[in-house]
Amino acid sequence: MLTEADLAAIWLTLKLATTVTALLLVIGTPIAWWLARTRSWLKAPVGAIVALPLVLPPTVLGFYLLIAMGPNGFIGEFTQQLGLGTLPFTFSGLVVGSVFYSLPFVVQPLQNAMQAIGERPMEVAATLRAGPWDRFFTVVLPLARPGFITATILGFAHTMGEFGVVLMIGGNIPDQTRVVSVQIYDHVEALEYAQAHTLAGIMVIFSFAVLLALYGSQRKTSLWS
Amino acid sequence: MKLLKGVMMLTLGFSISSTVLADVVHVAVASNFTAAMKDIAAQFEKDSEHTVILSFGSSGKFFAQIQNGAPFEVFLSADQAKPIALEKAGFIVPNSRFTYATGTLALWSTKADFVDKNYTNLKKGNFNKLALANPKLAPYGVAAEEVLTALNLKNSTQPKWVMGENISQTYQFVATDNADLGFVALSQIMDNGIVTKGSSWIIPSELYSPIRQDAVLLKTAQNNDGAKALLKYLHSDTAQHIIYDYGYKTE
Chain C
1 MLTEADLAAI WLTLKLATTV TALLLVIGTP IAWWLARTRS WLKAPVGAIV
51 ALPLVLPPTV LGFYLLIAMG PNGFIGEFTQ QLGLGTLPFT FSGLVVGSVF
101 YSLPFVVQPL QNAMQAIGER PMEVAATLRA GPWDRFFTVV LPLARPGFIT
151 ATILGFAHTM GEFGVVLMIG GNIPDQTRVV SVQIYDHVEA LEYAQAHTLA
201 GIMVIFSFAV LLALYGSQRK TSLWS
Chain W
226 MKLLKGVMML TLGFSISSTV LADVVHVAVA SNFTAAMKDI AAQFEKDSEH
276 TVILSFGSSG KFFAQIQNGA PFEVFLSADQ AKPIALEKAG FIVPNSRFTY
326 ATGTLALWST KADFVDKNYT NLKKGNFNKL ALANPKLAPY GVAAEEVLTA
376 LNLKNSTQPK WVMGENISQT YQFVATDNAD LGFVALSQIM DNGIVTKGSS
426 WIIPSELYSP IRQDAVLLKT AQNNDGAKAL LKYLHSDTAQ HIIYDYGYKT
476 E
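Just so you know, the protein sequences line up as chains C and W, in that order.
Numbering follows the numbering used here, with no gaps: position 86 of the first sequence is 86.
Numbering follows the numbering used here, with no gaps: position 148 of the second sequence is 373.
Please keep in mind that the hints were generated in silico from the structure rather than gathered at the bench.
These figures come from a predicted structure and were not determined experimentally.
One or more hints might be untrue.
[To be verified] With a cut-off of at most 30 Å between alpha-carbon atoms, the simulated DSSO-like pairs for lysine-lysine come out as follows:
no.	chain 1	residue 1	chain 2	residue 2
1	W	Lys313	W	Lys342
2	W	Lys444	W	Lys313
3	W	Lys379	W	Lys342
4	W	Lys263	W	Lys286
5	W	Lys313	C	Lys15
6	C	Lys15	W	Lys286
7	W	Lys474	W	Lys453
8	W	Lys348	W	Lys361
9	W	Lys385	C	Lys15
Could you build the full structure based on these sequences and the hints that come with them?
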């Protein structure tokens with residue numbers, strides 16, 4: 001039922017979603033922590049920039065990424081100077097694009113969870129002589145756990161279903177940039193509706209199962225903290 | 226105020242009387258024909274009382290939309306296969322299908338003097354990426370693949386292929402300098418009969434099968450005189466001239 005190309009697309013999508021989610025948790029945590037705690041006037045502008053990918057349609061965002069990552073774009077010039085070449089049409093390019101695109105889905109739940117902790121537990125920990133790093137790892141992280149789970153789910157799911165950005169910067173290369181959403185689109189455009197239905201069905205069932213398992217494990221604590 | 230009212234009534238009267246004759250025609254246009262169709266529609270609106278509303282996109286998407294009741298009266302496809310399939314499924318007015326343009330393929334780069342008649346850089350592999358439309362989806366992609374096969378360059382270039390979902394996206398890959406070379410529609414890089422930027426090689430037509438693009442009148446347009454007039458207009462000298470100037474062949 002599934003062709004080899006379909007299977008390759010599924011594998012690539014899982015790889016992309018996993019890589020992007022891991023990166024986003026690493027990048028998103030300090031951003032969220034800063035946004036949750038800061039009193040700087042920069043809070044509003046930074047928060048707005050993080051949320052911007054929600055506003056732009058994915059294909060529009062993808063188009064500007066294509067220009068920015070191209071040989072004459074500012075990201076492209078930077079990556080060329082590093083000797084990495086240009087990013088469009090590569091797996092790394094998709095990762096960079098997806099990180100940007102899914103950033104708000106990870107930062108915002110983390111920020112909400114961290115804000116909900118409030119000053120009190122931190123102050124108590126401080127009076128017990130816990131240093132800032134200690135406080136972050138032993139107080140903030142455990143208390144913000146529901147936020148981390150939500151962020152992981154949303155980041156992963158959002159990258160799985162990503163289409164517009166990938167379409168614009170991908171170039172439809174097998175094992176590199178041809179993810180499931182693009183493969184389904186190809187089937188539809190080629191009028192291979194039966195294959196499109198199969199692949200879309202698998203994607204929906206798989207995603208439902210993953211979400212169900214994660215939400216099920218979270219029954220005790222509120223997911224949206 | 227009275228005068229204003231009078232003028233308004235008069236205008237209203239005119240617009241009512243003219244809507245009796247004039248139709249609004251919704252046209253689904255394959256993306257490669259975008260520029261040419263805009264010119265033709267503007268000319269048609271001048272020469273007739275009808276109004277044309279154009280939608281641009283991929284033929285595959287339009288095909289799916291038309292089968293599910295999209296409100297188009299005319300469909301200008303990028304190929305013959307989809308109009309034929311619609312004809313077989315009974316979505317079009319019988320015998321309304323005809324070839325309105327035959328596409329021309331060009332190898333193009335934004336760099337001056339990068340592409341020549343002997344396609345030297347393509348032959349030598351002297352480029353970062355080669356953009357082409359996905360042969361599975363787009364007739365211009367099929368043609369590009371045929372050309373590469375005919376030139377015996379398919380296997381050597383394949384690792385450098387980047388594929389656009391349609392010819393517009395393929396053009397974008399080259400236009401943004403992300404791909405040094407690309408097979409695009411001549412219509413995309415031509416204006417008023419000349420190629421406006423970069424360097425290009427117009428591929429000899431014997432290297433690929435003709436890219437026949439068919440138009441059809443959809444069942445929804447059975448009583449739409451505007452739609453019928455527009456299809457007829459595509460055969461007119463004015464329209465044929467525009468189509469030709471955008472680098473298509475006409476029959």
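How the hints compare with the structure:
1. Lys313(W) x Lys342(W): violated (42 Å)
2. Lys444(W) x Lys313(W): holds (13 Å)
3. Lys379(W) x Lys342(W): Holds, at roughly 18 Å.
4. Lys263(W) x Lys286(W): Holds, because 20 Å separates the two Cα atoms, which is no more than 30 Å.
5. Lys313(W) x Lys15(C): Since the Cα atoms of Lys313(W) and Lys15(C) sit roughly 42 Å apart, the hinted pair is violated (cutoff 30 Å).
6. Lys15(C) x Lys286(W): holds (29 Å)
7. Lys474(W) x Lys453(W): Satisfied, since the Cα-Cα distance of roughly 22 Å is no more than 30 Å.
8. Lys348(W) x Lys361(W): Status holds; Cα separation ~24 Å.
9. Lys385(W) x Lys15(C): Between Lys385(W) and Lys15(C) the Cα gap is close to 23 Å, so the pair holds against 30 Å.
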